[in-house]
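Peer 1: Each chain is listed here by its residues.
2 protein chains.
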Amino acid sequence: MPSIGIVTPKTMHFAEPLPLQSGAQLRDYMLMYETYGTLNADKSNAVLVCHALNASHHVAGVYADQPNNVGWWDNMVGPGKPLDTDKFFVIGVNNPGSCFGSTGPMHTNPATGKPYGAAFPVVTVEDWVNAQARLADQLGIARFAAVMGGSLGGMQALAWSIMYPDRLGHCLVIASTPKLSTQNIAFNDVARQSILTDPDYHGGDFYEHGVVPKNGLKVARMIGHITYLSDDSMGEKFGRKLRDAEEYKFGFGVDFEIESYLRYQGDKFSSYFDANTYLLITKALDYFDPARNHGGDLAKALAGTKAEFFLASFTTDWRFSPERSREIVDALIANRRAVTYAEIDAPHGHDAFLLEDARYMNMVRAYYDRVWKGLTQGVNK
Amino acid sequence: MPSIGIVTPKTMHFAEPLPLQSGAQLRDYMLMYETYGTLNADKSNAVLVCHALNASHHVAGVYADQPNNVGWWDNMVGPGKPLDTDKFFVIGVNNPGSCFGSTGPMHTNPATGKPYGAAFPVVTVEDWVNAQARLADQLGIARFAAVMGGSLGGMQALAWSIMYPDRLGHCLVIASTPKLSTQNIAFNDVARQSILTDPDYHGGDFYEHGVVPKNGLKVARMIGHITYLSDDSMGEKFGRKLRDAEEYKFGFGVDFEIESYLRYQGDKFSSYFDANTYLLITKALDYFDPARNHGGDLAKALAGTKAEFFLASFTTDWRFSPERSREIVDALIANRRAVTYAEIDAPHGHDAFLLEDARYMNMVRAYYDRVWKGLTQGVNK
Chain A
1 MPSIGIVTPK TMHFAEPLPL QSGAQLRDYM LMYETYGTLN ADKSNAVLVC HALNASHHVA
61 GVYADQPNNV GWWDNMVGPG KPLDTDKFFV IGVNNPGSCF GSTGPMHTNP ATGKPYGAAF
121 PVVTVEDWVN AQARLADQLG IARFAAVMGG SLGGMQALAW SIMYPDRLGH CLVIASTPKL
181 STQNIAFNDV ARQSILTDPD YHGGDFYEHG VVPKNGLKVA RMIGHITYLS DDSMGEKFGR
241 KLRDAEEYKF GFGVDFEIES YLRYQGDKFS SYFDANTYLL ITKALDYFDP ARNHGGDLAK
301 ALAGTKAEFF LASFTTDWRF SPERSREIVD ALIANRRAVT YAEIDAPHGH DAFLLEDARY
361 MNMVRAYYDR VWKGLTQGVN K
Chain B
1 MPSIGIVTPK TMHFAEPLPL QSGAQLRDYM LMYETYGTLN ADKSNAVLVC HALNASHHVA
61 GVYADQPNNV GWWDNMVGPG KPLDTDKFFV IGVNNPGSCF GSTGPMHTNP ATGKPYGAAF
121 PVVTVEDWVN AQARLADQLG IARFAAVMGG SLGGMQALAW SIMYPDRLGH CLVIASTPKL
181 STQNIAFNDV ARQSILTDPD YHGGDFYEHG VVPKNGLKVA RMIGHITYLS DDSMGEKFGR
241 KLRDAEEYKF GFGVDFEIES YLRYQGDKFS SYFDANTYLL ITKALDYFDP ARNHGGDLAK
301 ALAGTKAEFF LASFTTDWRF SPERSREIVD ALIANRRAVT YAEIDAPHGH DAFLLEDARY
361 MNMVRAYYDR VWKGLTQGVN K
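Here the protein sequences come in this chain order: A and B.
Heads up, the first sequence is in full-length UniProt numbering, so the first residue is 1 and it goes up one at a time.
Heads up, the second sequence is in full-length UniProt numbering, so the first residue is 1 and it goes up one at a time.
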């Protein structure tokens, strides 16, 4: 399948402060975004794709000067892909607080003239949705044909359906959850502790010290990475294979392939990801809980939604298990919403939502075909 | 149920070096141990209890000067308990490399006159079993009525049945596994990385620097702790309850009860546990794989065993799941060994093996009744 090819990120500046859920506000910020395909005359074919922890506005295609930097959902978005850019105008936007271009903790705090560091305000899924809505306003998009995301991105799609019910026709929530479990929060907090206690974190002001809390970030990423993979897929890929050896080394270096792999992933991640961003994004994950203001009743939280829904989960995902998607499905059905739900038998754990899987891709493709028919034939618009 | 009351640890010195699996040897070492009950005239009623990661020779009872320091398996071992010290002579022994009294990395390396630190030799489950066998020799115990352990302790019991088939009548392996899974190793390595990259670790020589790698140990313990509990039991106990607050705090301090709990557990652990011991014990866990020298065939590895076996696992244990115990059961049955297997429906995850559970305790009690009948009636001896 051909990719959309060379794409160019764009920036949009927002002079008006963004009020945040915490009571703070984000002053004078900038969002990075990319678009693929063509917005039609009545601006009805726009689809917003929301990103998860370790991703950005770069959803599809490559950059002219970085031919290997392929968008994170390039198998999903492009010409002839399940989300077909020959039909839809697709937008990827980097959320504030991220480290991929939109205003984040490494940028200058207008109040101090120094990098925000840990002073960057804690942002929530709902804050991101508000920022995305302002971007849509600027692009003249009153209503999205669909808002879509996986994992943390799925939380944003779900929040769109609650916060702006009239601004999306369809809501696609993949491998997500209505709220983190206790265990999910626990893993996030261990990762945060690893960063916060790294002496190179310097209370968040490591930029000024010319260092990066690499060790803390590395351990944080190693923990995260384990939770993205299934026990089975790790076992199949790595087993107990030794790294370049026939025998145990009887030391604390690398014995097993899995150790080498995870340490490598941790090192790589810590070389490009921002520690404050990691803290911010895990907090946004922890805080997301739309039922919270409705006595814990998710059906009540979803009562005002108007979109049609597509949900998908993956059998071996133990981070956000199928059970969690079914909670959303049940709450939507309680509200008599139209819901399509796919529980995909895939071995890859949480990461499955990013991987090629014919049944999964075909389900999404079929759903967007329906969205497209609704748009062009005036049904389900 | 009354505890055995006040107990007193003992020490035994070994002048003869212990040859280790790595090819190194442990010189001039000391083992701490405790005994409960009375050894009978023909020394046939001895039971060895092997400890897991965070435990010691202090299996049951309390110390005269530490009335709150209750043995880690006091609910299992004592007068009238499932392992009844009115009948059996029970031995708990602290393994070398530990930080609870037996020779370990914080003790003086006779080769240098300084603390071993990271130079303490890497020890394996099999090395520990050899050390335990020497202790048994010194105590005049040629054959144990039973060897028993949970988790890492279960690995030692299993290793006994393989290495010294004539020296035990029964082998009780609780909540254990024939080898760690890839995911198990991965979690251990993240914990090790957390310790090894803590600047206060000083390459293992932190004793001389008057510091302790507290942060690294804390994060390591937090990770471990999550894997000891089930998702459900954490959810039931902590849910998404906030700590002393009605609202999110929008910072990186404690929001949720689970964060407070885990950080507290991590802090407490890092105040008494030794970092080098943590590294050593996780390595012993990773390396245990008796099938490895038999082309991965566990049945072959167990072909020379002569004991009768009791195994138990717990349904919500995702660290060493019931499936892993069943692998051992299957391999024993392939060898036509007598096996009793209990799969206990318990909510507490891996920790369940340490907790009170009537069905579990009754199964162990019934099994030891049979061991006792075998001893006293000359059957199954």
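Wrong hints could be hidden among the right ones.
For chains that are exact copies, the list does not tell them apart, and a pair is met inside one copy or across any two.
[Said to hold, decoys possible] Listed next, the in silico DMTMM-like pairs over lysine to aspartate or glutamate satisfying Cα-Cα at most 20 Å (straight line):
#1 K43 to D244
#2 K43 to D137
#3 K179 to D231
#4 K214 to D200
#5 K300 to D330
#6 K179 to E323
#7 K373 to E236
#8 K241 to D166
#9 K179 to E257
#10 K114 to D166
#11 K300 to D65
#12 K241 to D289
#13 K43 to D86
These aren't lab readings, by the way, just hints derived from the structure by calculation.
Peer 1: All hints, please: hold or fail.
Peer 2: Verification of the hints:
Proximity of K43 and D244 under a CA criterion of 20 Å is satisfied in neither setting, with 57 Å inside one chain copy and 48 Å between copies. Proximity of K43 to D137 under the C-alpha cut-off of 20 Å is restricted to the intra-copy arrangement: shortest distance 12 Å within a copy versus 85 Å between copies. Proximity of K179 and D231 under a CA criterion of 20 Å is satisfied inter-copy only: 14 Å between copies versus 23 Å inside one chain copy. In the homo-oligomer, the alpha carbons of K214 and D200 lie at most 20 Å apart both inside one protomer (8 Å) and across protomers (16 Å), since each shortest distance falls under that limit.
Proximity of K300 and D330 under a CA criterion of 20 Å is satisfied intra-copy only: 12 Å inside one chain copy versus 50 Å between copies. Within a single copy, K179 and E323 get their C-alpha atoms as close as 12 Å, which meets the 20 Å cut-off; across copies the closest is 30 Å, which misses it. With identical chains, the CA atoms of K373 and E236 are never at most 20 Å apart, being 41 Å at best within one copy and 45 Å at best between copies. Taking the closest pair of Cα atoms, K241 and D166 never come within 20 Å of each other, the shortest separation being 53 Å inside a single copy and 33 Å across copies.
For a Cα distance limit of 20 Å, the shortest separation of K179 from E257 across copies, 16 Å, qualifies, whereas the shortest one inside one copy, 34 Å, does not. Taking identical chains as interchangeable, the C-alpha atoms of K114 and D166 are never at most 20 Å apart, the minima being 40 Å within one chain and 72 Å between chains. For a Cα distance limit of 20 Å, the shortest separation of K300 from D65 qualifies neither inside one copy, at 49 Å, nor across copies, at 57 Å. Proximity of K241 to D289 under the C-alpha cut-off of 20 Å is restricted to the inter-copy arrangement: shortest distance 12 Å between copies versus 41 Å within a copy.
With identical chains, the CA atoms of K43 and D86 are at most 20 Å apart within one copy only, with a shortest distance of 15 Å there and 84 Å across copies.
Checked against the numbered hints given earlier, this structure breaks hints 1, 7, 8, 10 and 11; the rest are met.
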